[in-house]
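Asks: Sequence:
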Amino acid sequence: MESLKALRRSCKERKIPIISLATESFLWKLLRKQKPKICLEIWGAVGYSSIYIGELIHTWGGKITSFEISYPAYQEGLQNSKKAHCYNIISYPYDVRYAPIKKLVESPVDFIFIDGQKSQYGEYMEIIEKISSPHTVIVIDDVIKYHNKLTSLYRYLKKKQMKYKILQLEPDDGVMIINTTKKNYTQ
Numbered sequence: 001m002e003s004l005k006a007l008r009r010s011c012k013e014r015k016i017p018i019i020s021l022a023t024e025s026f027l028w029k030l031l032r033k034q035k036p037k038i039c040l041e042i043w044g045a046v047g048y049s050s051i052y053i054g055e056l057i058h059t060w061g062g063k064i065t066s067f068e069i070s071y072p073a074y075q076e077g078l079q080n081s082k083k084a085h086c087y088n089i090i091s092y093p094y095d096v097r098y099a100p101i102k103k104l105v106e107s108p109v110d111f112i113f114i115d116g117q118k119s120q121y122g123e124y125m126e127i128i129e130k131i132s133s134p135h136t137v138i139v140i141d142d143v144i145k146y147h148n149k150l151t152s153l154y155r156y157l158k159k160k161q162m163k164y165k166i167l168q169l170e171p172d173d174g175v176m177i178i179n180t181t182k183k184n185y186t187q
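Numbering (the working numbering), first residue to last: 1 to 187.
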């Protein structure tokens, strides 16, 4: 955990966006409750959230696959995972929209965390549909702050008649939770 604290400080100094402390706290509670074994992260940046999730799910044998489109960020993420001794992370330097997702990600996936290009969230949902199970929990970050950039996401949710819940975790932002079971959340 000390390496994560140092990474958070470094990201703050370099103005690299990572998950907020409120989102981190929310993920800790959700993941401890759900105990997913196969996780996916879309856009891992320098690895902070991958390491955070990876360290937690390691306790029950979970692993996480992370995609990052920026090669320098991907490389730094690999180094940060190694420094943190977090070896249950599989990282790929690909745009998940064009990656052979079924070959790269063990499925079905139990938990998905999306924190990427906001305008592409709908496209990400179409892709992860191929590897989701009837019980996959999906958490999408920054849905309040960037609501105006989420047209494709809301179009997808409406088309698929998927229900969701938005949780405000901070004064200006929060997450969306989609549970793919029949007991979906509603807004």
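These are calculated hints, taken from the structure and not from any lab test. A portion of the hints provided could be inaccurate.
[Claimed, not checked] For lysine-lysine, the following DSS-like pairs were computed, each having C-alpha atoms within a straight-line distance of at most 25 angstroms:
no.	residue 1	residue 2
1	145	35
2	159	102
3	103	5
4	158	145
5	130	82
6	145	130
7	29	159
Please read these numbers as outputs of a predicted model, since none were measured by experiment.
Asks: Would you list, in rising numerical order, the hints stated earlier that this structure does not obey?
Replies: 1, 3, 5, 6 and 7
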